[in-house]
Every structure is written in C-alpha cells, then in structure tokens.
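Let chain A serve as the given structure and place chain B on it in line with the hints.
Read top to bottom, the protein sequences are chains A and B. So for the first sequence, the numbering used here puts the first residue at 1; every next one is plus one. So for the second sequence, the numbering used here puts the first residue at 1; every next one is plus one.
Treat the hints as calculated values from the structure; they're not laboratory data. Note that the structure is a prediction, hence the values are computed from the model and not measured. Note that the Cβ used here is the ideal one computed from N, Cα and C, for glycine as well. No incorrect hints appear here.
Each computed SDA-like pair below joins lysine to any residue, with the alpha-carbon atoms no more than 25 Å apart:
| id | chain 1 | residue 1 | chain 2 | residue 2 |
| --- | --- | --- | --- | --- |
| 1 | B | K168 | A | Y54 |
| 2 | B | K168 | A | R35 |
| 3 | B | K172 | A | G52 |
| 4 | B | K159 | A | Y54 |
| 5 | B | K168 | A | A61 |
| 6 | B | K134 | B | G124 |
| 7 | A | K2 | B | I144 |
| 8 | B | K168 | A | V64 |
Going by beta-carbon spacing under 7 Å, a handful of chain B positions derived as facing chain A:
| id | residue |
| --- | --- |
| 9 | T133 |
| 10 | V145 |
| 11 | L152 |
| 12 | A153 |
| 13 | G167 |
| 14 | G173 |
| 15 | A180 |
| 16 | A258 |
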Amino acid sequence: MKIDWAALGSVFGVSLVITVAVVGVFTLGIVGLSRHERAVADGGSAAPAVAGAYACFAACAAVVAYGIYLIVA
Amino acid sequence: MESFSLILAIVVVTALAFDFTNGFHDTANAMATTISTGALKPKVAVAMSAVLNLVGAFLSVEVANTISKGLVDESGIRPEVIFAALVGAILWNLLTWLVGLPSSSSHALMGGLIGATIASAGAGAVHGDVLVTKVLIPAIAAPIVAGIAAMLATRLSYKLGAKRAEGKAAEKGYRAGQIASAGLVSLAHGTNDAQKTMGIITLALVAGGAVAPDSDPPVWVILSAGLAIALGTYLGGWRIIRTMGKGLTDLQPQQGFAAQTSAATVILASSHLGFSLSTTHSVSGSVMGAGLGRKGGVVRWSTATRMFVAWGLTLPAAALVGAVAEWVTGFGDWGTALVAVFLIASSAAIWVASRRGDVVDHTNVNDVDDSPAIEIAAPAGEVPLTATIPSPAEVTAKPSATAL
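If we strip away everything but chain A, and leave its shape as in the complex, we get (with noise of 0.2 Å):
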C-alpha cells in the first residue's frame, strides 16, 4: 500500500495559503469599503481606499475564475 503523503502534504499547503490570502485579501477590501462608506457619511471621500478595494476584489474574482477553470478543465 502506497500512501501518497506528497500529494497530501501539497493539497493541505495550498489549500491553506490559498484560503487564509483570499479571506485576507477580501477582509482588506471590505475593510476600504467600509472606509469610503465612513467617509461619505462624514461628508468626504476616500477614492485610494475604494481603488484599493477594487484592486483587492479583482485579486479574488482571479482566483475564482481559477478555481472555474480548474472545474471544467
């Protein structure tokens, strides 16, 4: 019996950096959303945190259009 602890050793790393960045990345960009939302209703705007949100969001709409491909692939 062959235990292919390589391939279960890889699947447990990626799937962990991958999880803990994405949720990482999408919490950031919450975070510049709610920044804009705060400075709104202060009666500003915060265009860098709302572009910093986008870019964040972007960041995971690429992994998950990776994990698409992955699907039909």
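Frame of chain A; chain B shown alone:
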C-alpha cells in the same frame, strides 16, 4: 441500445434515485452557511445551487469515465451488483438525512459497491489498499485540512476587520463573497457527484451489453443525471442544512465566508492535485474550524460527535445493506423484485417518519433545533445558545436526535 433489459432499466432508475438523494443530501455542503448567515434566502440558495449543479453536470465527463475503476474489479460485474450497491447507498443517505447528519454520499456509494461486490465475487475483488488511500485517509484528512484553513482564515479576517469592516458596505461585501464561494462549491459538486451517477449508469449499460465498453456516457445519461441531482438539490435537505449551518456552531458572515472559501479551496485543490477529499467532510471541517476561529466561538461537540459516528458507519452500513441486497438478488428475478420492493417500502417509511414531529423546511431551517429541548419560552432569536454547551451530552444530544 437494442438489448435494454428490465434489470438495466431498474438499475438506471435506481441510479437516478441515488443521484436525487445525493443532491438533497449535499445541498448543505454548498448552501448551509449561506442560508444560516442570511446571505441568501433559503429558497433562492437552493435554486442557485440546483442550477449550478446542473451546469456542472455538463462541464466534463472525466469523473464519470474514471468512476468505479480501481475500487472494485469491474470486469464481469453484473447489473444486479450495481443495483444492490445503489440500494445500500440510497438507504444510508435517507437514514442520515432523517437524523439530519451530513455524511458522504460518495462513501455510501463506495460502501454499497464494496458490499455488493464482496457478496457477489468474494472479498478478493475489493482492493483493500485502494480503500485505505481513497476512503479512509481522505475521510480523516479532509476535515482537518479544511478546518485548520478555515480557522486561520477566520482569525485573520476578524483581526484585519476589527472595528474597520463594519456597516452596510461590509455586510454587502461578505454577502457577495459567500454567494461566490458557495456557487463554486455547487459547481464543483455538480461536476463531481452528478458524474458519479453517470459513471454508474454507464458501467451498468456496459455490464448489461447496451453500450460498447470504453464509451463515453450517452447524452440522455448526462441529461437525466444532471436533472436528478439538480431536482434533489432544489428540494433541499433542510434537516442537514440546519445541522451544518446552525447545529455545529453559530456562524457570522465573516465565518461563513471563511468556511465556504476554505471548503471550495480544499475541494478544488485536492481534486486537482490528485488526492480527492470528500466534499461533505471538507465543508463540515471548515464550518467547525470557522466556529473555533472566532473569539468566543464554540463548536457543539455533541453534534459533531454524532456526525463523526455517522461518517464512520457510512461505509460499513452501506456495504452491509449492499451485500444483503446482492445476496437476495442472487435468488433470481423474484429476489431482485423483493429488493426493489424493500427499497421503495423503506424509503417511504423514512419519508413518513420525517413528516412526523418536527418537520424541517425552508421556513424553519434556521431555527435552532435544541430550543424546544431546553424549553425556553423566549423568542427563538433570544435563546441563549451558550446555555446548551456546558450541559451534558445526553441532554442536548437525545432530544435533538428525535427533534431533528
């Protein structure tokens, strides 16, 4: 398709019935967290999941083509063996649904196949080492991998977002994130699980001589398998959704997002890197991990323990039913008829049992199941959830076992 015998027709119908139970059993995997955090309304969530399952069924036939190769010796397999295997898998799926426990439909199917094969061709026809590498190790690894990933991601999310990710924008953002990751899980489920049924039907067609060996699943097989799983998904296994979304732990949107992202990542990474992990086990693990990741978050270990027990029993129980069913079909046509009648009768009995007492559907799926058990007159939303934690396992486990 000229030689389409009665037994083949029975196998095809039974396989589609299994596909259907697979759908409603596994709705929870994709949508439990989305429903429990309120990101989507229950009916909308199951409809979306159903559509994505259907789409997923058409995306490829790779899984269908590899199904059953490896685990049992597929040469000389008779349609009756497949029928018996499906009976075991369906009954186990229905039984775990009745008690509201998430368990792996794939394991049920594999268990049924193993039991039926042993009864038909002896223990030698089952590859024991494949059993360990493809079933046992993944069953243990999946919740651990997904759980740790979800726990760390939840911690990070709370740390980064503390006092800074609040308000309407954050709410909307987490909603969108959860919907996207739940959609991904649904799509992956469609490609995986609908294809398992296609593989089974194709295997039966080959075994019965209706299609040539090594052929791709016929179009009608793909279509009917996709529809069966989508229909099952749409009906929603509300009992299991409740256990997964509310029973294991209490999820906030951040946690739901972290859990579903972790589950989607683990499922995709594992199937891509060649170490397939069970969807159900991954999602359950990630939900518990997300529960532990929040400060003050708790996992209801009594519910979790019942779930682990169900996981352990899935394969042997389905195998046992599959073996007995195969043994009875060995008596000839009346034996096969007897098994079919038994399957229909017990399915009906389980359904009747599910309508008695606490009926769970989309209207009350988010009501915490142990609130009637501890008899608190306060409105459901105000039930002090932590009060159920320190109480002994029997107190929470027993009433909810019947209430679920």
